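Participant: Modelling step: build the complete structure from the supplied sequences, incorporating the hints.
Numbered by our numbering, the letters in the sequence shown go through residues 1 to 398 in order.
Bear in mind the hints are in silico, worked out from the structure with no lab data behind them. Check before you lean on any hint, since a few could be wrong.
To be verified - For each label pair, taking beta carbons as the anchor points, the in silico distance ranges come out as:
{"hint": "1", "residue 1": "Ser-296", "residue 2": "Gly-73", "range": "36 to 46 Å"}
{"hint": "2", "residue 1": "Gly-134", "residue 2": "Phe-307", "range": "23 to 33 Å"}
{"hint": "3", "residue 1": "Gly-230", "residue 2": "Gly-210", "range": "14 to 24 Å"}
{"hint": "4", "residue 1": "Asn-138", "residue 2": "Gln-193", "range": "44 to 54 Å"}
{"hint": "5", "residue 1": "Gln-94", "residue 2": "Trp-304", "range": "36 to 46 Å"}
Said to hold, decoys possible - With a Cα cut of at most 20 Å, we get these calculated SDA-like pairs of lysine to any residue:
{"hint": "6", "residue 1": "Lys-34", "residue 2": "Phe-60"}
{"hint": "7", "residue 1": "Lys-301", "residue 2": "Leu-343"}
{"hint": "8", "residue 1": "Lys-163", "residue 2": "Tyr-55"}
{"hint": "9", "residue 1": "Lys-336", "residue 2": "Leu-310"}
{"hint": "10", "residue 1": "Lys-231", "residue 2": "His-219"}
{"hint": "11", "residue 1": "Lys-336", "residue 2": "Thr-311"}
{"hint": "12", "residue 1": "Lys-336", "residue 2": "Lys-231"}
Treat the numbers as computed from the prediction; the structure is a model and nothing was measured. Cβ atoms here follow ideal geometry from the backbone N, Cα and C, with glycine treated the same way.
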Amino acid sequence: MRLWQWQGMPRKIIHIDLDAFFCAVEELQNPELKGRPFAVAGRPDERGVVSSCSYAARVFGVRSAMPTGRALGLCPSLLVVSPHHRLYAQASQQVMGRLHQWTALVEQISIDEAFLDLSDLPEAVESLARRLQGEIRNNLGLPCSLGVATNKLVAKIATDVGKAANRSDQPPNAITVVSPGQEAAFLAPLLVQALWGVGPKTAARLAELGIRTIDDLAHWEESDLVKVFGKSGYDLARHAHGIDESLINPSHEAKSISQETTFAHDVSDTDTLRHTLRELSETVGRRLRQAKICGSTVKIKLRWPDFTTLTRQITLPQLTDQDDEIFTAALELLDKNRPARQLVRLLGVGVSGITQPIRQLSLWVTGSEKGRRLQSALDELREKYGEEIVRRGLDELD
Numbered sequence: 001m002r003l004w005q006w007q008g009m010p011r012k013i014i015h016i017d018l019d020a021f022f023c024a025v026e027e028l029q030n031p032e033l034k035g036r037p038f039a040v041a042g043r044p045d046e047r048g049v050v051s052s053c054s055y056a057a058r059v060f061g062v063r064s065a066m067p068t069g070r071a072l073g074l075c076p077s078l079l080v081v082s083p084h085h086r087l088y089a090q091a092s093q094q095v096m097g098r099l100h101q102w103t104a105l106v107e108q109i110s111i112d113e114a115f116l117d118l119s120d121l122p123e124a125v126e127s128l129a130r131r132l133q134g135e136i137r138n139n140l141g142l143p144c145s146l147g148v149a150t151n152k153l154v155a156k157i158a159t160d161v162g163k164a165a166n167r168s169d170q171p172p173n174a175i176t177v178v179s180p181g182q183e184a185a186f187l188a189p190l191l192v193q194a195l196w197g198v199g200p201k202t203a204a205r206l207a208e209l210g211i212r213t214i215d216d217l218a219h220w221e222e223s224d225l226v227k228v229f230g231k232s233g234y235d236l237a238r239h240a241h242g243i244d245e246s247l248i249n250p251s252h253e254a255k256s257i258s259q260e261t262t263f264a265h266d267v268s269d270t271d272t273l274r275h276t277l278r279e280l281s282e283t284v285g286r287r288l289r290q291a292k293i294c295g296s297t298v299k300i301k302l303r304w305p306d307f308t309t310l311t312r313q314i315t316l317p318q319l320t321d322q323d324d325e326i327f328t329a330a331l332e333l334l335d336k337n338r339p340a341r342q343l344v345r346l347l348g349v350g351v352s353g354i355t356q357p358i359r360q361l362s363l364w365v366t367g368s369e370k371g372r373r374l375q376s377a378l379d380e381l382r383e384k385y386g387e388e389i390v391r392r393g394l395d396e397l398d
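Facilitator: See the structure below:
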């Protein structure tokens, strides 16, 4: 426990969220996109969905996770930009690098979000937030919104509230500060869904009890909430009063790495499915190696044309970050769980059971030294010349 916590001094926690991150990166590459309604999305004729959309597009009702075809229906002038994930990863690394220049207590929770603990700095936290926002904007060209509070829960909700209050055709660039002692008052008028752990089922159960706002929840005794919700009742009671003692976790790691694709047309050809499975496995393997992590469980996701979705997994006898090992396990799962001639709408591959950095593991744990050197050489070629520079032949899929 850090000094300022046990002395009762309020922490200075900042949550940062890059505004429409993918779109902001695309605008850096093509300034003509600024101010225009556009979306980073898959093609409508390939069942694409919107990954991110500009604020000018949101005015028309376009939203993330929306089918591209529907987005075009809402906004016929919408420009559809194909995603460039490598650029987004590079921009994210630059942002996180900047954050680490401020403090070692940085917890990245997604490609475009992070928490910082700046309690060690004497400057007023609102001033710190404004300087940080300006640094990200002026040096990296990226807009961002920040939530400032004494804990992670309230800081994250503050960011969401600030972004919602600044909706327009431009990035919100919001900074929302919740002063020490004002946590409960800030949360009180918000719907209970704003709290961590309150999903649709919990919200529905709370509504049955007449609890719709966080203020409603705060008026319930902790013991009564525990009777209804079990152990999670403790968290509900504390969070309703704006209490969250969780610390910044600099070693926050992904629980799984996965990649999936939705086919433009339902696929029954086994060779096509195997080829796609190979490409997905290579993407997952490369992401594991980039993060210097490995996993023990390989899983696949299958979706039939009627939207029936299956997920199956297998635990390997060893940890891995190698394409071949991931593909071999995924192919076994595919062959076992797909009926003959069954059409496939979506196919996905993932690795979970994520553990320590791969550099700390013996080579024999995750494959031969020869295989690892070959994999490393392939990664370098693809990083330098692009994904298409090296492709495995179809005869290697058997």
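Participant: Using the C-beta atoms of Ser-296 and Gly-73, is the stated range 36 to 46 Å upheld?
Facilitator: Holds - the Cβ-Cβ distance for Ser-296 and Gly-73, about 44 Å, lies within 36 to 46 Å.
Participant: With the threshold set at 20 Å, check whether the alpha-carbon distance from Lys-231 to His-219 stays at or below it.
Facilitator: At roughly 18 Å apart (the allowed maximum being 20 Å), His-219 and Lys-231 satisfy the hint.
Participant: Is it true that Gly-230 and Gly-210 lie within 14 to 24 Å of each other by Cβ?
Facilitator: Roughly 20 Å apart at Cβ, these two residues keep to the hinted range, so it holds.
Participant: For the pair Gln-94 and Trp-304, does the Cβ-Cβ distance stay inside 36 to 46 Å?
Facilitator: 41 Å, holds
Participant: Lys-301 and Leu-343: Cα distance at most 20 Å?
Facilitator: With Cα atoms ~14 Å apart, Lys-301 and Leu-343 stay inside 20 Å; holds.
Participant: Keeping to a limit of 20 Å between CA atoms, is the pair of Lys-163 and Tyr-55 held or broken?
Facilitator: 11 Å, holds
Participant: Do Gly-134 and Phe-307 keep their Cβ atoms within the hinted range of 23 to 33 Å?
Facilitator: 46 Å, violated
Participant: Can you confirm whether the C-alpha distance between Lys-336 and Thr-311 stays at or below 20 Å?
Facilitator: Holds, at roughly 12 Å.
Participant: For the pair supplied as a hint, Lys-34 and Phe-60, is the alpha-carbon distance within the 20 Å limit?
Facilitator: 16 Å, holds
Participant: With 44 to 54 Å as the target window, see if Asn-138 and Gln-193 comply at their CB atoms.
Facilitator: 35 Å, violated
Participant: Next pair to validate is Lys-336 with Lys-231; report whether the Cα-Cα distance is within 20 Å.
Facilitator: Roughly 39 Å between the alpha carbons, so the hint for Lys-336 and Lys-231 is violated.
Participant: Run the distance test for Lys-336 versus Leu-310: straight-line Cα separation, threshold 20 Å.
Facilitator: Given that 20 Å is the threshold and the Cα spacing comes to 12 Å, the pair holds.
Checked against the numbered hints above, the structure breaks hints 2, 4, 12 and satisfies the rest.
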